[in-house]
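As given, the protein sequences belong to chains C and E, one line each in that order. Heads up: the first sequence begins at 1 in full-length UniProt numbering, then just goes up one per residue. Heads up: the second sequence begins at 1 in full-length UniProt numbering, then just goes up one per residue.
No copy is singled out in the list; a pair is fine if it fits within one copy or between any two copies.
Derived pair list, reagent style DSS-like, types lysine-lysine, alpha-carbon separation capped at 30 Å:
no. : residue 1 : residue 2
1   : Lys270    : Lys91
2   : Lys116    : Lys270
3   : Lys270    : Lys197
4   : Lys91     : Lys68
Note that these hints are calculated values from the structure, not bench results. Note that this is a predicted model, so its numbers are computed, not measured.
There are 2 protein chains.
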Amino acid sequence: MTACIDTLDTPAAVVDVTRMQRNIQRMQAQADRLGVRLRPHVKTSKCAAVVEAQIAAGAQGITVSTLKEAQAFFQQGITDILYAVAMAPGKLTQALALRRAGCGLAIITDSVAGAKAITEFGRAQSESFEVFIEIDSDHHRSGVRSDDPVLVEIARILHTGGAVLKGVMTHAGESYSLNTLEALQAIAELERSECVKAAEAIRAAGLPCPEVSVGSTPTALSAVRLEGVTELRAGVYVFFDLVMHNVGVCRLDELALSVLTTVIGHQAEKGWIITDSGWMAMSRDRGTQSQASDYGYGLVCNSAGELIEGLQLRSANQEHGVASFEKGQNVDIEQRFPIGTRLRVLPNHACATGAQYSAYEALDERGEARQWPRHNGW
Amino acid sequence: MTACIDTLDTPAAVVDVTRMQRNIQRMQAQADRLGVRLRPHVKTSKCAAVVEAQIAAGAQGITVSTLKEAQAFFQQGITDILYAVAMAPGKLTQALALRRAGCGLAIITDSVAGAKAITEFGRAQSESFEVFIEIDSDHHRSGVRSDDPVLVEIARILHTGGAVLKGVMTHAGESYSLNTLEALQAIAELERSECVKAAEAIRAAGLPCPEVSVGSTPTALSAVRLEGVTELRAGVYVFFDLVMHNVGVCRLDELALSVLTTVIGHQAEKGWIITDSGWMAMSRDRGTQSQASDYGYGLVCNSAGELIEGLQLRSANQEHGVASFEKGQNVDIEQRFPIGTRLRVLPNHACATGAQYSAYEALDERGEARQWPRHNGW
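The shape of chain C in the complex, shown without the other chains (with noise of 0.2 Å):
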């Protein structure tokens, strides 16, 4: 028997496959159109299938946010894989044990300590890890700036102690609280000309600098020209979720993530409809709270996925959700949701409501759903 909206456990992550797939060509033709290759960053989906139809639209290699979605994937059969979180010196063993299995891990760094724990440690495995030196284009959070001399004596150290020098990246996360194309616009000419002034500094100093690699998924798609940048990475674009919504990259239409859920009673006289969505259901993420619109902790849909008018996921325990329409709305709650009617709830944020799950369940056009694993954990 093949599951579907009506017969699927609740809560469930629900992935809606075909708009996943519109949100993959919808990235993938951005990047074709600014002439860069795209690498997603999977730590979005962590999952096999999704990142196999990321790499059939055209994707070239993949980021990861864990050294587990490097094995994972790279047991899948893909090998250019970067590890995008500045690499601590106890995680070395087991990148060596990833390179020295066939896998092209690269792995970044952002000062002089990280890069010279890589080049001693590869030293004395004799191994030429593959390295990227994170730039801080935004001040938003790791990285060196373009202008630092701390920049070329990091890829001094990387070059003359047996690394391989690929080149920078950066990821200009202050794109999150922008919402408007100007300020979008700007901050994504900020990342590339940051970026690629840092690979000129270290150019310049007569060091190899191939690689420049951009992105973020407000960047990615606000960007009108990436000059000299050679690759993109974007993550959260593959589903989107309300955030993202709330900054102006994707209608709410494009949402490819949605929590199934059950209604589980009511508090009729406060309006309040409780599901079987709380916040292990939902994650803690409650991105949109300092956004223009706040959605709680998310908007609700029927079951086909159209939004309810002013149905909002107000609150949140561990296996309770708290529904509730806006003030002044006058909806006989226990007449139109009954115990039992299945809801779908539109999450803050994808990266933090898929972690919740093992796995999506993915919904064909056809309406039949499939188990898509995901590779939670590090």
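Place chain E on chain C using the hints.
What follows is chain E alone, placed relative to chain C:
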């Protein structure tokens, strides 16, 4: 080779077994003093070894938040299980399978529609489900009010419909928002008195109501007397967390769960220590945000678990945490916390943080770590 705090891969969810055992003893002693059975809520740990320790200390039966937990712990040999989320009609088949296999699973409802769904399914399957009626003692979430005539109606539907009316249960979730002994004692008394009142209303109608089940960690630890109550439920006490510390029911040195993390970089001018404990490792739970002391994503300890004064995990991306000292504290962070340094972060909410992991690393008094798997999912 036995793992220890210096060799574990990071991030890891570390359980201090000595502290956990003390927390278990403390709650068991409280239940013993109050003259009631203790039925721990295992949604916090979802872990066989933890539940085994709770039962060894005197717990009788367990509370679960998912039927997956019920299945897992039943396989472990526990038969007295209360599934404390209002029964969705679609989940009755799973509940039936458990009962048919010999599990003494009890379920709950708080509505006429829910009670009818249970009794109709029960009659069709010739199964007498054991059912508790959920009472709303504090206007917090689900449940029927003790003075609502529908309470007796639900009891009658269950009793005459062939179910076993086990009793009433309530959870005063509002207790999480309090932080004085007086207020906690008052809500514990409200939880008790409302639930007892509900039981009396059912009994006054000539219907059975043998069990009166109440509890939450704050009310359980604050209750002065529990007259009329037969059992106490509580969950997070087994590990405690920063939210419970703010509520005032535990000291910081009673927190048994921490996230072991590695320093992977710095932004020295900003005073940022970058760690590999992002929100994937900590969860997105910011429970202390609305409390008197906001601890960000957690308080930071050294690898021995000793608090580092003023150091907090202030922000988190998926696999990056940013820790910093309070403004004005002059610390040479690169010198004091070089790349590779191991730290331990006390989380906001133990239930949410644990859920990010497939297993705990249980650290015994000799400093040796063993993996304790969790039963995640639904």
